[in-house]
Amino acid sequence: MNNLKLEQIINQKLNTQAISDYAPNGLQVEGKSEIKKIITGVTATQALIDYAVEQKADAILVHHGYFWKNENPCIRGMKGKRIKTLLVNDINLYGYHLPLDVHAELGNNALLAKRLGIEERQPLEQGAVSIPIWGMLKEPTTLAEFTQRIIHVLDKTPIVCNSEEFLQNEPHLIQKVGICTGGGQSYIDLAAAQGCDAFISGEISEQTTHSAREQGIHYFGCGHHATERYGIKALGEWLAEEYGFEVIFKDINNPA
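Per my numbering, the sequence shown runs over residues 726 to 981.
The hints are all genuine.
Ranges of calculated distance between the beta carbons of each label pair, as one might list FRET restraints:
no.	residue 1	residue 2	range
1	Trp793	Arg840	21 to 29 Å
2	Glu931	Gly852	24 to 32 Å
3	Glu864	Ser758	47 to 55 Å
4	Glu850	Ser930	15 to 23 Å
5	Asp976	Lys730	22 to 30 Å
6	Glu759	Glu931	47 to 55 Å
7	Leu898	Met803	43 to 51 Å
8	Glu864	Met726	41 to 49 Å
Under the rule of at most 25 Å between Cα atoms (straight-line distance), these lysine-lysine pairs were calculated in the DSS-like manner:
no.	residue 1	residue 2
9	Lys975	Lys839
10	Lys809	Lys757
11	Lys839	Lys863
12	Lys781	Lys804
Treat the hints as calculated values from the structure; they're not laboratory data.
Ideal Cβ placement from N, Cα and C applies to all residues, glycine included.
With these hints in hand, go ahead and build the complete structure from the sequences.
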């Protein structure tokens with residue numbers, strides 16, 4: 726398939742033009758015109774690019790690409806080496822950020838919620854597009870039980886901010902859960918205001934702990950990388966099934 730045609734297909738599937746983002750979504754570095762083999766991964770690191778070169782791939786498809794807002798535009802150092810490797814090997818790089826977070830079918834939020842058994846998913850924000858979502862567990866569960874569920878799904882122990890000592894009725898069972906994968910910890914206040922029992926994101930800031938404790942909401946910092954592996958993998962699988970591409974998902978571990 727032509728590389729520009731592939732961009733059009735993904736743009737349409739993810740409805741990219743409806744979302745204002747911090748980086749360009751779509752084809753970021755242009756390579757060969759014909760694409761048959763695609764490598765997918767969370768971030769366009771040098772290791773992922775080198776793996777694509779080894780696999781003789783025609784394209785790389787990632788959640789975290791390049792050219793972020795306010796970053797240094799110079800193509801030098803680490804960025805220069807990455808882009809040079811892509812250009813020398815004629816490899817296309819496609820990046821999809823927020824459109825892949827919010828998509829109802831292939832999005833990071835929706836897929837993580839599904840794996841955790843969170844149903845009846847709804848937008849947490851008002852407006853045309855909500856980045857965070859919320860949903861309900863079938864049955865209320867304890868903090869300890871839900872923590873173990875997260876560990877089982879992500880194979881990672883989350884940072885847990887426990888609000889129980891600030892609540893009058895203990896134990897505080899969890900049923901309504903908000904989610905924003907990656908660096909979405911700032912949405913904890915919105916989740917608390919809308920009555921969520923818990924909020925899940927990838928990262929944690931100093932003030933996140935206080936928000937959880939003082940507003941009676943449990944917070945789970947589950948890792949930026951760990952919470953955002955599912956969307957890009959699912960997008961690659963969709964392309965393979967619908968259009969016959971050879972697609973390989975490469976998970977390069979990141980403890981953050």
